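Colleague: Chain by chain, the residues run as shown.
Protein chains: 2
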Amino acid sequence: MGLSRRAFLERVGKAGGYGALYVTMQGMGLLATPKAYAAPNLPAGSGKGVKVAVLGAGVAGLVAAYELRKAGYEVTVLEARQRPGGRAWSVRGGDRIQQIGRPDQTVDWESGRHHYFNAGPARIPQTHRAILSYCRDLGVPLEVMVNGNRMAKLDFGGKVVTNGQATNDTRGAFAELLSKAISRGSLDQELTPADKQALLGYLGFYGDLNPERMYAGSVRSTFKDPPGGYLHPPSSGEPLRLKDMMQSRFWGASLIFEEISEMQATMLQPVGGMDRISYALYEQVKPAVKFGAEVKEIRRRGKGVRIAYVDAGGAQRLDADYAIVTIPVPVLRKITADFSPAVQKALANTQYHEGTKVAWQTRRFWEQDDFQYGGLGWTEEPSELVWYPSGGFGEKTGILVGAYSIGFSGPENPRKFAAMSFDERFAVSRRVIEKFHPGRGRELGKPVTVAWDQTPYSEGVAVSWEEAQRTTDYATLCRPDGPFFFAGEHLSYINAWQEGAALSSHEAIKLLQARVSAA
Amino acid sequence: MGLSRRAFLERVGKAGGYGALYVTMQGMGLLATPKAYAAPNLPAGSGKGVKVAVLGAGVAGLVAAYELRKAGYEVTVLEARQRPGGRAWSVRGGDRIQQIGRPDQTVDWESGRHHYFNAGPARIPQTHRAILSYCRDLGVPLEVMVNGNRMAKLDFGGKVVTNGQATNDTRGAFAELLSKAISRGSLDQELTPADKQALLGYLGFYGDLNPERMYAGSVRSTFKDPPGGYLHPPSSGEPLRLKDMMQSRFWGASLIFEEISEMQATMLQPVGGMDRISYALYEQVKPAVKFGAEVKEIRRRGKGVRIAYVDAGGAQRLDADYAIVTIPVPVLRKITADFSPAVQKALANTQYHEGTKVAWQTRRFWEQDDFQYGGLGWTEEPSELVWYPSGGFGEKTGILVGAYSIGFSGPENPRKFAAMSFDERFAVSRRVIEKFHPGRGRELGKPVTVAWDQTPYSEGVAVSWEEAQRTTDYATLCRPDGPFFFAGEHLSYINAWQEGAALSSHEAIKLLQARVSAA
Chain A
1 MGLSRRAFLE
11 RVGKAGGYGA
21 LYVTMQGMGL
31 LATPKAYAAP
41 NLPAGSGKGV
51 KVAVLGAGVA
61 GLVAAYELRK
71 AGYEVTVLEA
81 RQRPGGRAWS
91 VRGGDRIQQI
101 GRPDQTVDWE
111 SGRHHYFNAG
121 PARIPQTHRA
131 ILSYCRDLGV
141 PLEVMVNGNR
151 MAKLDFGGKV
161 VTNGQATNDT
171 RGAFAELLSK
181 AISRGSLDQE
191 LTPADKQALL
201 GYLGFYGDLN
211 PERMYAGSVR
221 STFKDPPGGY
231 LHPPSSGEPL
241 RLKDMMQSRF
251 WGASLIFEEI
261 SEMQATMLQP
271 VGGMDRISYA
281 LYEQVKPAVK
291 FGAEVKEIRR
301 RGKGVRIAYV
311 DAGGAQRLDA
321 DYAIVTIPVP
331 VLRKITADFS
341 PAVQKALANT
351 QYHEGTKVAW
361 QTRRFWEQDD
371 FQYGGLGWTE
381 EPSELVWYPS
391 GGFGEKTGIL
401 VGAYSIGFSG
411 PENPRKFAAM
421 SFDERFAVSR
431 RVIEKFHPGR
441 GRELGKPVTV
451 AWDQTPYSEG
461 VAVSWEEAQR
471 TTDYATLCRP
481 DGPFFFAGEH
491 LSYINAWQEG
501 AALSSHEAIK
511 LLQARVSAA
Chain B
1 MGLSRRAFLE
11 RVGKAGGYGA
21 LYVTMQGMGL
31 LATPKAYAAP
41 NLPAGSGKGV
51 KVAVLGAGVA
61 GLVAAYELRK
71 AGYEVTVLEA
81 RQRPGGRAWS
91 VRGGDRIQQI
101 GRPDQTVDWE
111 SGRHHYFNAG
121 PARIPQTHRA
131 ILSYCRDLGV
141 PLEVMVNGNR
151 MAKLDFGGKV
161 VTNGQATNDT
171 RGAFAELLSK
181 AISRGSLDQE
191 LTPADKQALL
201 GYLGFYGDLN
211 PERMYAGSVR
221 STFKDPPGGY
231 LHPPSSGEPL
241 RLKDMMQSRF
251 WGASLIFEEI
261 SEMQATMLQP
271 VGGMDRISYA
281 LYEQVKPAVK
291 FGAEVKEIRR
301 RGKGVRIAYV
311 DAGGAQRLDA
321 DYAIVTIPVP
331 VLRKITADFS
341 PAVQKALANT
351 QYHEGTKVAW
361 QTRRFWEQDD
371 FQYGGLGWTE
381 EPSELVWYPS
391 GGFGEKTGIL
401 VGAYSIGFSG
411 PENPRKFAAM
421 SFDERFAVSR
431 RVIEKFHPGR
441 GRELGKPVTV
451 AWDQTPYSEG
461 VAVSWEEAQR
471 TTDYATLCRP
481 DGPFFFAGEH
491 LSYINAWQEG
501 AALSSHEAIK
511 LLQARVSAA
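If you're matching them up, the sequences are chains A and B in order.
If you use the UniProt record's numbering, the first sequence closes out at 519, no skipped numbers anywhere.
If you use the UniProt record's numbering, the second sequence closes out at 519, no skipped numbers anywhere.
If we strip away everything but chain A, and leave its shape as in the complex, we get:
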């Protein structure tokens, strides 16, 4: 199989769930169910007369501004872009995409509620209660986001099969092996004769074994003939062989992906694009936000802060008592700042992941011709994923995410997707979609592409902590540095997710509030 733990984790992490990596890798506690989420709820009026500069109007900055203003703080948010949301960016027809050192792109798509492309985060699990609470409280409608679709395709050791076949043939093969081991008495230390009988019975159902306790294929996996009317009984197709599945480096992540903590059903998305959440928060804090304000210097001034920035009117400055700094580290560390040496060192050590997507406008052939509704297709090609839309079923055209590459290089990805030219990326994506939907690759049109390491004011898709850094560089940035408090997805255990950004802001403002009440 040749699938190392590291490679597995990389594969788990691709598809956007870096946070899932940490969750997957974490602890082994011993008790009950998750605590209910509670917003920070700073006392009303507790921030009266206290000025806070919030640097960045992504999710972390917007959440900080929203919660602080509710408590009476005087907040100013500086945002270099002309929009809120940061990496929570939904691209639509008419938008312009700028990339560092690459040509600009203008998006030439139909307008329509479902004609958007989430260049950044694109899903919300039910465990992300801070984000879901903001959606509930601010009236952001949600709908189901399909992660796991048994009809979606896997490019599985060179052969294209459905997710449902790989999943169910794997379970069948394991159930057969375990049944044999039980029958041979290999587990008599663990199981009583009554246990063995019960388990053998259950494994037959679990794996859809035949009366001889062999796995010989299942209608759960694939039909030879689907069931029909009158005299058309169903029959199952030939199963994948365990040996063949073991050869595939790809067996690992794609089959267990939707069971990892952050990826389990029900997954959600805002109706109309992920940026609906950022815009809903922005509506609450609008008077406090300055767009087009590029931070140039982050200074101490007495016990407070002085921020130098440039906007359309030229050089400006903002004085405040505190600053909440949510600027992504690759950008932040290039800004002149009066941070402590420990913070400077932590920023220098912080690594970010790449993350590159391609999106097409096209006829919804996967639904109209192939009866596949949403889900993820997985390939060993450098484009890594095909991500089908979960909304707008039945419309004529839609936006298909034809590539989502995290840029893990390895034997199967000798060339980084982000390093390719736009045309090369489009060609790879088209080839993969053609493999999954023969004859349809030629229908794809109007592609755009975003690589986060090439995106101004981001320069990376999400942090990449080494586990050892959690007690060094990470811990340093979780402590206030004088009047500076840091927040963003990078300062959480839910990296790459909006929830991590929101929860890190909650921590930052709780510390800030403690400082204010102590003063």
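It cannot be assumed that every hint is accurate.
It does not matter which identical chain is meant; a pair holds if it fits inside one copy or across any two.
Listed below are the simulated EDC-like cross-link pairs for lysine to aspartate or glutamate, each with C-alpha atoms no more than 16 Å apart in a straight line [as the list claims (entries may be wrong)]:
{"no.": "1", "residue 1": "K224", "residue 2": "E238"}
{"no.": "2", "residue 1": "K243", "residue 2": "D195"}
{"no.": "3", "residue 1": "K446", "residue 2": "D104"}
{"no.": "4", "residue 1": "K416", "residue 2": "D453"}
In case anyone wonders, no lab produced these hints; they're calculated from the structure.
Quick caveat: nothing in here was measured; it's all calculated off a predicted structure.
Since chain A is already given, all that's left is putting chain B on it; use the hints.
Modeller: Same frame as chain A, now just chain B:
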């Protein structure tokens, strides 16, 4: 465990997927992927001058009328109810529910696109290509229907746990056992040393085993502490013990339910209620349909048919060359009819299932308080299922299906749900919902209930064929009886599903067309 094969199949069948029973129980073919669905496409004009009486405007009748009219047949549809759809019935505020021998109910709910209750079918799998093709061609918008939700609750041997915990603790326990068996050499006949090493590696990821290859809980299953911002790493909760899971009669079906052929993601539903499909078909055949027309006699007349029926104007009759008979068997066999003795015998032998639902209008507390979006909760109480809405997330109130009982009796269901009074059904449903969402049971209001065995013109939810009947009674009804052709979910291998109804109609009209061309 005490879970017999029959009991398992009954449990698989509950939640509405009788068809799944047959699919689960069927064949062991040996080839490739499902054939593309193709509509019957009768030659245009081929039915010119031929009169067909279609008895029943459920899905089977509507499909027959639609396809025959496209080919030029002169079709009349007789329907006893004042609406199309038959069992594909979406109940809304203002509707009146009549039950045989029970008081009438008037539905006192808010109006709103998501304020409906599918008393009959409520999901569409991606494999149901006839129904999905009609949705595509007639412009019925679809959205995701959530079958599997890892946050939904199971009343699991008396203890309430999440589906995610039961699913992942089961996989973990099996992975640990299989790893032990492999390490002990029990499977050396099947596996080379290299295979063993690869499989042990993969099982670690598959089951989330610890470095000692033991399953000690997983964040996939439950959190002790969820991941947060700053210094809040996640930890996993205590796993369910295999011995405890084995005690639960309930272990079986709920955990593998969403992997059976008809229940796999992505599941779909029409936006606004399942009856949107029947109404879309009805719009195409409207001039041919007579509502309020109750069939009294089904007679032969020469080579053709004479149907006696009663409508608001009194006794009527309809003469035609052929009849397509889609009336459910419990109703049909009480109608005077010139069927052959073999058909009469088959009708007498045909058994139907019960099927009883309860629906409440209530605040969406499962979303607002508990962050659970859609899915199925399972209980051993007679109400069997709680079915959460998959649309309208974020609205203030919604319709919660608080019971879906198939009426399998057994030790855990000593009393049939359908036999209870309305108030008894409501009390059971409320108790189960209170168990899943403590403190919320009292919020439930405005309940209604439908038992299909007590519903006029249906008298059962779906056919229940014994496997042996497939070659006797079933086969008899799949053959035309002179001018009479039978159709409906009962004449398919996808029983209880709209797809079965549609495909049986396709078979019937192909035979009818063959007869006409031969004449």
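Colleague: Hint by hint, note whether the structure agrees.
Modeller: Taking the hints in turn, this is what the structure says about them:
| no. | hint | result |
| --- | --- | --- |
| 1 | K224 to E238 | within (8 Å within a copy, 42 Å between copies) |
| 2 | K243 to D195 | between (29 Å within a copy, 8 Å between copies) |
| 3 | K446 to D104 | within (14 Å within a copy, 57 Å between copies) |
| 4 | K416 to D453 | within (12 Å within a copy, 62 Å between copies) |
In summary, this structure violates none of the numbered hints.
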